[in-house]
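Chemist: Input sequences plus hints: build the corresponding full structure.
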Amino acid sequence: MQPLIDIIKLLGKETLVPKGSSRTTFLLAPVIGLASVILVSTLLWMNNIWTDKTFLGDLIVVLYLLTIPSICIIVGGFASRNPLASLGASREMKLILSYELPFVLAVLVPVIKSNFSLRLGEIVAVQAQNGVILGSLSGILAFIVLIMCMQAKLALVPFDIPEAETEIIGGPLIEYSGTGLAIYRLTKNMLLFVLPFFLMILLMGGLRFDGIHLLFGILKYVGVVALITVIRNTNPRVRIDQAMRFFWGPMTLLAAVAVVLALFGQ
Amino acid sequence: MNIKLKALLKSPWVFHLSTGSCNNCDIEILDCLTPRFDIERFGMILAGSIKHADVLLVTGSGNRKSMERVKKLYDQIPKPCLVVAIGECALSRGMFIHSYNCPVPIDKVIPVDAYIPGCPPKPEAIIAGAVKLIEKLKKNVK
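Just so you know, the sequences run in chain order X and F.
Each residue of the first sequence is one higher than the last, beginning at 304 in our numbering.
Each residue of the second sequence is one higher than the last, beginning at 54 in our numbering.
Heads up, a few of these hints could be off.
[Unchecked claim] Pairs of lysine-lysine residues, derived as DSS-like cross-links and limited to a Cα-Cα distance of at most 30 Å, are as follows:
1) Lys491(X) - Lys63(F)
2) Lys322(X) - Lys132(F)
3) Lys322(X) - Lys125(F)
4) Lys322(X) - Lys161(F)
5) Lys175(F) - Lys161(F)
6) Lys57(F) - Lys491(X)
7) Lys161(F) - Lys59(F)
8) Lys397(X) - Lys491(X)
9) Lys175(F) - Lys491(X)
10) Lys185(F) - Lys175(F)
11) Lys189(F) - Lys57(F)
[What the hints assert, rightly or not] Covered stretches of chain X (chain F as the covering partner; in silico rule of three or more C-beta atoms under 8 Å from a C-beta of chain F):
12) 341-355
13) 442-455
14) 459-473
Hints listed in this document are in silico derivations from the structure and should not be mistaken for laboratory results.
The beta carbon of each residue, even a glycine, is placed where N, CA and C say it ideally should be.
Modeler: Next up, the structure:
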């Protein structure tokens, strides 16, 4: 209940716009971020419930929309005219550049596994027939890469470099108060559901509603979130250059190996 | 009771401001956040930025230099907000009452909602003060 209470409280508070900032951009950035997360969530549920209502390339749409919250954080941070916020925003920018490459490569694995289909609905349907992609070797490698990229996308601890509370006090969010901050928190909390759900659709067969599968689907979600939390609580924060080296080095290599393995049908 | 205030009392994020204290009160405030005292069970977390905060925890005697900053920071908190003075110095300037550098106590500069005495106050006293403040606000609204 605490996140909900926090958001209601923040909605009831005054919204301050710092002097000299770009007012429109500053106030609009969180709204656009929230809108794109809501759109992603809608697309994922649609594809999960009615697998035949999918359209060509919705996977690409989802990939694009998932970067928009991060871009909104960057824009909002730069618009707020705070040195720490710009520092955080530039770190966020570097982080996006580093994790997008392995993320997209790893997403290619389920695409290859489902006979080069770019429809999320078909990926779910193929897994319902042939078993989950996570069961194969390339699926496991893609899962490791995607979990790491999700950690960076959610800005959780090993990769919370842009927001580093103890270092640059919240980074791009430093000047946000009241409603703006509430919308950012809502976006973050929604991403904490949407990203694991996206991972479930890609590699673990999504959420099914028939009988025991419903319980199994909830367990899958809880398992992924528990894994994220364990990674968050057992690691210290890395520096931005270490994060970049990590994503462009081992993670990209792992994702490339997974793609090659998937091509050979492993 | 209106829902905004109810939510505010369930998640008061605190901002910790030292106006030239000897650091003892600050250490005790940080103690409250440790697992032993665990003030997070009241929904309180330490906010890094003043723009995120709901409660301003002021420690220290408030000298000429820092009082200007206190006033500026008070103007920057999104309202509604609360101010809590912690420690003898913040309450009455303590041993610095005759000092040339501490002309006025803090509550002459910004409105203070709760006073927690002690030099330094124990973490238990700080928690008791926070709970009393919440109770008082609940009664006032009813």
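Chemist: Compare the structure with each hint and give your call.
Modeler: For each hint, the structure was consulted:
Between Lys491(X) and Lys63(F) the CA atoms are separated by roughly 20 Å; this keeps the pair inside 30 Å, and the hint holds. This hinted pair checks out: Lys322(X) and Lys132(F) have alpha carbons roughly 17 Å apart, not beyond 30 Å. Between Lys322(X) and Lys125(F) the alpha-carbon distance is near 14 Å, which keeps this suggested pair within the 30 Å criterion. With a C-alpha separation of about 27 Å, the suggested pair Lys322(X) and Lys161(F) falls inside the 30 Å cut-off, and the hint holds.
A distance of roughly 25 Å separates the Cα atoms of Lys175(F) and Lys161(F); the hinted pair therefore holds under the 30 Å criterion. Annotation: proposed proximity of Lys57(F) to Lys491(X) holds, straight-line Cα distance about 21 Å (limit 30 Å). At most 30 Å may separate the alpha-carbon atoms for a hinted pair to count; Lys161(F) and Lys59(F) meet this at roughly 29 Å. At most 30 Å may separate the alpha-carbon atoms for a hinted pair to count; Lys397(X) and Lys491(X) meet this at roughly 19 Å.
A threshold of 30 Å between alpha carbons decides the hint, and for Lys175(F) with Lys491(X) the separation of about 36 Å lies outside it, so the pair is violated. For the given pair, Lys185(F) sits about 15 Å from Lys175(F) by alpha-carbon distance, which is consistent with the 30 Å threshold. About 16 Å separates the Cα atoms of Lys189(F) and Lys57(F), which keeps this hinted pair within 30 Å; it holds. Remark: the segment 341-355 of chain X is not confirmed as covered by chain F, as 0 of its residues place a Cβ nearer than 8 Å to a Cβ of that chain, below the required three.
Here the segment 442-455 of chain X counts 0 residues with a CB under 8 Å from a CB of chain F, which misses the bar of 3, and the coverage is violated. Check on the segment 459-473 of chain X: 4 of its residues sit with their Cβ under 8 Å from a Cβ of chain F, so the three-residue criterion for coverage holds.
Checked against the numbered hints above, the structure violates hints 9, 12, 13; every other hint is satisfied.
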